[in-house]
Amino acid sequence: MDEKLIKEFIALKKYAVVGATDNTAKFGYKIMKSLEARGCEVYPVNPRLDMIEGKKCYNSLVDLPVKVDVVDFVVPPAVTEELVKECKKLGLLRVWMQPGTSSEKAIKFCEDNGILVISDACVMNV
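Numbered by my numbering, the letters in the sequence shown go through residues 853 to 978 in order.
Derived by calculation from the structure, the hints in this document are not laboratory data. For every residue, glycine included, the Cβ atom is placed at its ideal position computed from N, Cα and C. You can trust all of the hints, since none of them are fake.
Label pairs and their calculated CB-CB ranges:
#1 Asn-875 x Leu-968: 28 to 34 Å
#2 Ala-930 x Leu-857: 21 to 27 Å
#3 Gly-906 x Lys-878: 17 to 23 Å
#4 Gly-952 x Ser-912: 17 to 23 Å
#5 Ala-930 x Asp-964: 16 to 22 Å
#6 Leu-945 x Gly-891: 20 to 26 Å
Model the full assembly from the supplied sequences, consistent with the hints where possible.
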């Protein structure tokens with residue numbers, strides 16, 4: 853675990869949570885709420901939802917109204933692998949892959965394309 857990188861990410865305030873959900877039992881919800889409790893601006897991304905607790909939910913990263921500091925993934929590894937490519941195209945150069953969302957392929961893509969990546973720590977536990 854890269855403590856310096858984690859501290860850098862934690863200091864940032866605009867997060868997209870890919871895989872955000874309105875199901876309070878799921879990590880997509882818990883991570884979103886944890887970031888909000890830290891004072892972060894959170895932009896939920898989930899093409900299956902329009903709103904989460906009165907907050908607009910975006911279909912994709914390209915639909916976000918601002919350039920976020922960190923893209924936080926709470927989706928299956930195959931989805932992460934595709935969306936890190938979108939991060940690169942959009943100039944989103946910090947991604948946090950929650951436990952269970954990363955793959956060697958996604959991590960390698962990030963490393964090869966100048967995207968800073970955390971993949972071995974949960975944002976709620978740092």
